[in-house]
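The primary structure of each chain is shown beneath.
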Amino acid sequence: MRALVTGANGFLGRRVVAALLAQGHSVRALVRPATSVEEIGWPASVEVVRGDLRSARELAPAFDNVDVLVHLAAAVTGGEDAMFASTVSGTERLLTAMAGAACRRIVLASSFAVYDWSSIRGTLDESSPIESGADLYRRDGYTIAKSWQERVTRRFAAEHGWDLTVLRPGFIWGRDHGYLAACGQQIGRLHVVIGPFSHLPLTHVDNCADLFARAAADPRAAGQTFNVVDGPGERIWSYLGNHLKRSGEAGFRVPVPYTLVYGIVSLAFATVFKRNEKLPHVLVPCRFESRLKPLRYTNRRAAELLDWHPPFDYAECLRRSYS
Amino acid sequence: MRAALIGAGQIARQHLSCLKTLPAVQIAGVCDLSPAVAESIAERYGVPAWFTDHTAMLREVKPDVVHVTTPPTSHFRLAMDALQAGAHVLVEKPATATLAELEELLRYAAGQQLVLTEDYNYVFNHATREIARWVETGQLGAVVHVEVMMALNLFGPGGFADPNARHPALTLAGGALADFLPHLASLAHRFIGAHTRAHAIWTKRRASILPYDELHAVIEGAHATATLGFSATAQPDAFWLRVFGERAQASTNLFETRLTFERLRDGPKPLQPLLNGLEEARAVRRAAIGTLMRKFKPGPGTYDGMWHLISGTYTALAQRTPVPVPVEHVLEVNRMVEALKPREAES
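In the order they appear, the protein sequences are chains A and B. Residues 1 to 323 (our numbering) are what the first sequence spells out, left to right. Residues 1 to 347 (our numbering) are what the second sequence spells out, left to right.
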């Protein structure tokens, strides 16, 4: 099987390329024109094609003899409109090129961000509602772009009869990516841990990449949506403690109850800030919830349908990330 | 009045946010080459129709005013199509890639009794209007000289110097800096009027795909002079406008809310620096807090000038009075811009 991987030199992309190769597949890696790939150390069998989804005019040749598109490319920084143009318009360009090719299979990297966190209680799983309508535009630019990227991809797949698998990872962590938005609010060396006993929807990058490679090759994944988490997740307090200890960063953790902070944020938003959505993310209730709301998480669906179990346990993931 | 937008990127959202606050305006359609961009903007701003073909939008929506908010090299064709569909046009700066294109648009608009106006938003910022008021009331005295200096880092990821995706503005003469030149020129024009002579120096300090990252120019008007500057390497980001009058000097950072005046005062001369200094300190302190609070408040934020210009333009069109940026100002500013463009030998 030959896979075309977008975002191949990103944090997740590099591991997905490695996982595909390890599972015996061929990889064509789409990377931006000015990006250096030498230091990644890909074997010669990885075919590198150059293109930037924001501006590339001719993407069709990248699909020659490709069996599956693993679409990971998305902007994670920049302004809201730049992220939309890069992530969503880039996906439109990519899939328009695919429409003229023989490839009929896609694995899309979506995100936990697309869920409607405000309305979900208890366990967040693949049947949970996703954010839509006017409420979507109250969320952050990354969420708006990822939601639209998934929407656009589903429309293309439906129109062209492609087999689509949507994978929605939680927080992807690993080497140099240990500190997560859900760790709380950092003020110098002080870490205000909001809801210290909440579980984190974690997936280590190597586990996450393993599921992407599996889903790309397994016909049972076609037409399915999977959340990607390694399990119920570590608690924020212990995860951050491990991160500070193993990374050697000096810092103090201060626990604050989630309900108390959420109450203050909601009250301030409705009164002092007059529901202004230009505020920093942590001060807008729906964005606050999408980072910090205490829910439960499960990878049951991937286990049941694909027999997938994360290859590495938490202790091994810590070793891989910090040693 | 029925408004429609061609181009639904970042600056279009500023236009839409303003239009949503104008009760006499109905946003009838938006258009973008990307279907997802067009549809999402329509969903977000409650616009009833979205298009990927601007001619279809002009035909079906029949707008009274069209906002052209696409990359600059497409402005001429889109603005002409909008004029030919019988709509007034508000075009984002730079209005066109060349002066000849602009003159053609203006000739056509005049023949059809239509208005074509360009967005000089910083001319209508609160601080600029306040300085203009000091000029008009005589508090500043006759304007002697104007300094306009923008420092803006263009080297960030996804910006003008991104080597992966060439920014459309790089096709303009002068490259990315040409995208900012109308801001500089329109501010100078506001206080010294049309230019009689102009000289610009275009240089490059840092290796990048930008043809230039530094511009400095001297302008002579009928009664006053101006210097214009742009630096992509000087930091922190700031947009200084200083107006020197015969009785006072005004200074504002248009990226913030800071506006200070130094003026001639009655009383003992040795006390003047003290009194001016204390007054300036108060103004700077107020502005520091005001700039922070502005981020927490709904409304236009740094785009207050654009909101003022757009609402003023719609009021003028409805009342058939002169728009805030009349055709002669558009021409004079663009002639100044043309005079400042890099010569062949430099480019």
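Quick caveat, the hints were computed from the structure, so don't treat them as lab data. The beta carbon of each residue, even a glycine, is placed where N, CA and C say it ideally should be. Keep in mind that a hint or two might mislead.
[What the hints assert, rightly or not] Not close to chain B: a few residues of chain A, all C-beta gaps over 12 angstroms, as computed:
#: 1; residue: M1
#: 2; residue: E39
#: 3; residue: S45
#: 4; residue: R50
#: 5; residue: G133
#: 6; residue: V192
#: 7; residue: P219
#: 8; residue: R275
#: 9; residue: D313
[Claimed, not checked] To give a feel for the contact side, a few chain B residues facing chain A, derived at Cβ under 8 angstroms:
#: 10; residue: V37
#: 11; residue: R44
#: 12; residue: P48
Hint-by-hint comparison with the structure:
no.: 1; hint: M1; result: 29 angstroms, holds
no.: 2; hint: E39; result: 17 angstroms, holds
no.: 3; hint: S45; result: 25 angstroms, holds
no.: 4; hint: R50; result: 9 angstroms, violated
no.: 5; hint: G133; result: 8 angstroms, violated
no.: 6; hint: V192; result: 20 angstroms, holds
no.: 7; hint: P219; result: 29 angstroms, holds
no.: 8; hint: R275; result: 8 angstroms, violated
no.: 9; hint: D313; result: 36 angstroms, holds
no.: 10; hint: V37; result: 6 angstroms, holds
no.: 11; hint: R44; result: 5 angstroms, holds
no.: 12; hint: P48; result: 15 angstroms, violated
Hints 4, 5, 8, 12, counting from the list given before, are not met by this structure.
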